[in-house]
Amino acid sequence: MVMTEIVKVKGLRKVYEGGFEALKGVDLTIRQGEILALLGPNGAGKTTLISALCGITSPTGGTALIGGHDIVTGYRAARRLVGLVPQEIALEPFEKVINTVRFSRGLFGKKRDDALIERILRQLSLWDKRESRTRELSGGMKRRVLIAKALVHEPRVLFLDEPTAGVDVELRRDMWKIVEGLRADGVTIILTTHYIEEAEAIADRIAVINGGEILLTENKTDLMRRMGAKTLRIDLRDPVDAVPPALAEYNLSRTDDGHSLTYTYDTRGEGTGITRLLQALAAEGLALRDIQTTQSSLEEIFVDLIKEGAA
Amino acid sequence: MNFPAIFAIYKYEMFRFFRTLMESLLSPVISTSLYFVVFGAAIGSRITEVEGVSYGAFIVPGLIMLSVMTQGISNASFGIYFPKFIGTIYELLSAPVNFLEIVIGYVGAAATKALLIGAVILLTAHFFVDIQILHPGAMIAFLLLTCISFSLFGFIIGIWSQNFQQLQLIPLLVITPLVFLGGAFYSISMLPVGWQTVALFNPVVYLISGFRWSFFGAADVPVLASLMAIGLFTALCMGVIWWIFKTGYRIKS
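Heads up: the protein sequence lines correspond to chains C and Y, in order.
Residue numbers for the first sequence, in the working numbering: 1 to 311.
Residue numbers for the second sequence, in the working numbering: 1 to 253.
Next up, chain C with everything else stripped away, as it sits in the complex:
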């Protein structure tokens, strides 16, 4: 195992009673200190994968190492490194925030550390609520309590299973800041999310899972560069009835009102063809009013990948 790899999954399978195969031999490597976003549609296997790695569900086959410890044979050492924030808000409603956080630390065999608990609760803006019963908290605060519980035993790997599901935009951005802060502290973060925008904003690498299989794992920037087509929109001063035949090689598309032409190009090629296109437009006597470029969003890339996988 390479030193920088903190999680190494090889051929991990999970077949439920009744024969449903939720994981079909997943291979995945997660590097220390990175934020990996695990993307996939509902039922893709994201939560099953996390559950298997954390000990909530038993894998049917394959192996997984966390910090070099097998999750089955060396489960104690492996789990000591892991913190989990589950998808559903699961808290004992009548317990005080501080007690439920202390309980989590104790479960991991760690001695009581009030200074650490105070630091974590302050980081998560929960210190003032430490004596509140969890049922008295808002949804966003409950999610933060779950994060505090996951962090209180000082894990090196944190699994966040849809941490911002159902929370408002402001709180989502707060959560991103928390995640960034954790990464700065050296915590490796594996994040499942439905919000592609979230992965685009904070992840270092993207893994796409569908039908229990990892379709790809790639650096986010590389993925967007590799798979993201760019488009150049040219707004004309005077509308055109049709794309001039001299510009046919550029496969331009024309808007209905004839005021704009769109050119799709690939940044990976040696030349984008933009210079030649602009020269050709000038040669045709077309005057330009404005030009702008846009890049495919991660969401578009994700949808394409899922479609390809299904095909």
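Among these hints, one or two may not hold up.
Pairs of lysine-lysine, DSS-like flavour, derived with a Cα cap of 25 Å [what the hints assert, rightly or not]: (1) C:K110 - Y:K84; (2) C:K220 - C:K307; (3) C:K24 - Y:K246; (4) Y:K246 - C:K96; (5) Y:K84 - Y:K252; (6) C:K220 - C:K8; (7) C:K129 - C:K96; (8) C:K220 - C:K10; (9) Y:K11 - C:K142; (10) C:K111 - C:K129; (11) C:K142 - Y:K246; (12) C:K10 - Y:K252; (13) Y:K246 - Y:K84; (14) Y:K252 - C:K8; (15) Y:K246 - C:K10; (16) Y:K11 - C:K111; (17) C:K110 - C:K142; (18) Y:K11 - C:K96; (19) C:K24 - Y:K252; (20) C:K96 - C:K111; (21) Y:K11 - C:K129; (22) C:K142 - C:K129; (23) C:K110 - C:K129; (24) C:K96 - C:K142; (25) C:K110 - Y:K11.
Since the hints were derived computationally from the structure, they do not count as laboratory data.
For clarity, every value in this text was computed on a predicted model and none was experimentally measured.
Keeping the supplied structure of chain C fixed, place chain Y upon it in accordance with the hints.
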């Protein structure tokens, strides 16, 4: 052994008990007092002695056993069922703990609560009748073993239950009848001969008999048989719990 984890579970469960201390203690004290009023004073006044002991004192071990068994079961079953119900079981399953540590934490707390309630009932009984404890060491041992074994049984019920109705099903339909028919309020020797044989198939008879022996020195069945019965029941419960954690039955998919 992950002792801090065991202690964390134990402490957490005990906090729940102390949070509702009055309700936890008041209810068994009131019901025991009612038993004394009904069986001890109203009915007991017409029964002079059973096996040389006043009827009021005779029913004390049975009453303690009744409370300890039902409390052990309800505390342990609720203790493990509640995390399943609200979803916090994920925390236990993803923590570096094994099944033995989880069981010691939950069953230890449930047994402690049952033991405390047993002690409170014994104290309450003192207000109604004079009680002698002939073998205090054996009394404590029987009480402890019963608390532990029935808490283990409650833990199994908590894992097995899929809703609150099921949680109540076995205590109501199985345990209460077994305790009432197990000689809590009478000696087996008072039954017709045929029913005495039938009663010997009730495991609770052995527990109550052994416990009553520790008070008055008289028993329906040999003390060794009582010890073997409770030991067998404990081993059986441990075996089932080991199997539950090995297979993940109703706790792990």
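query = What are the numbers of the hints that this structure violates, sorted from low to high?
reply = Per hint list: 4, 11 violated.
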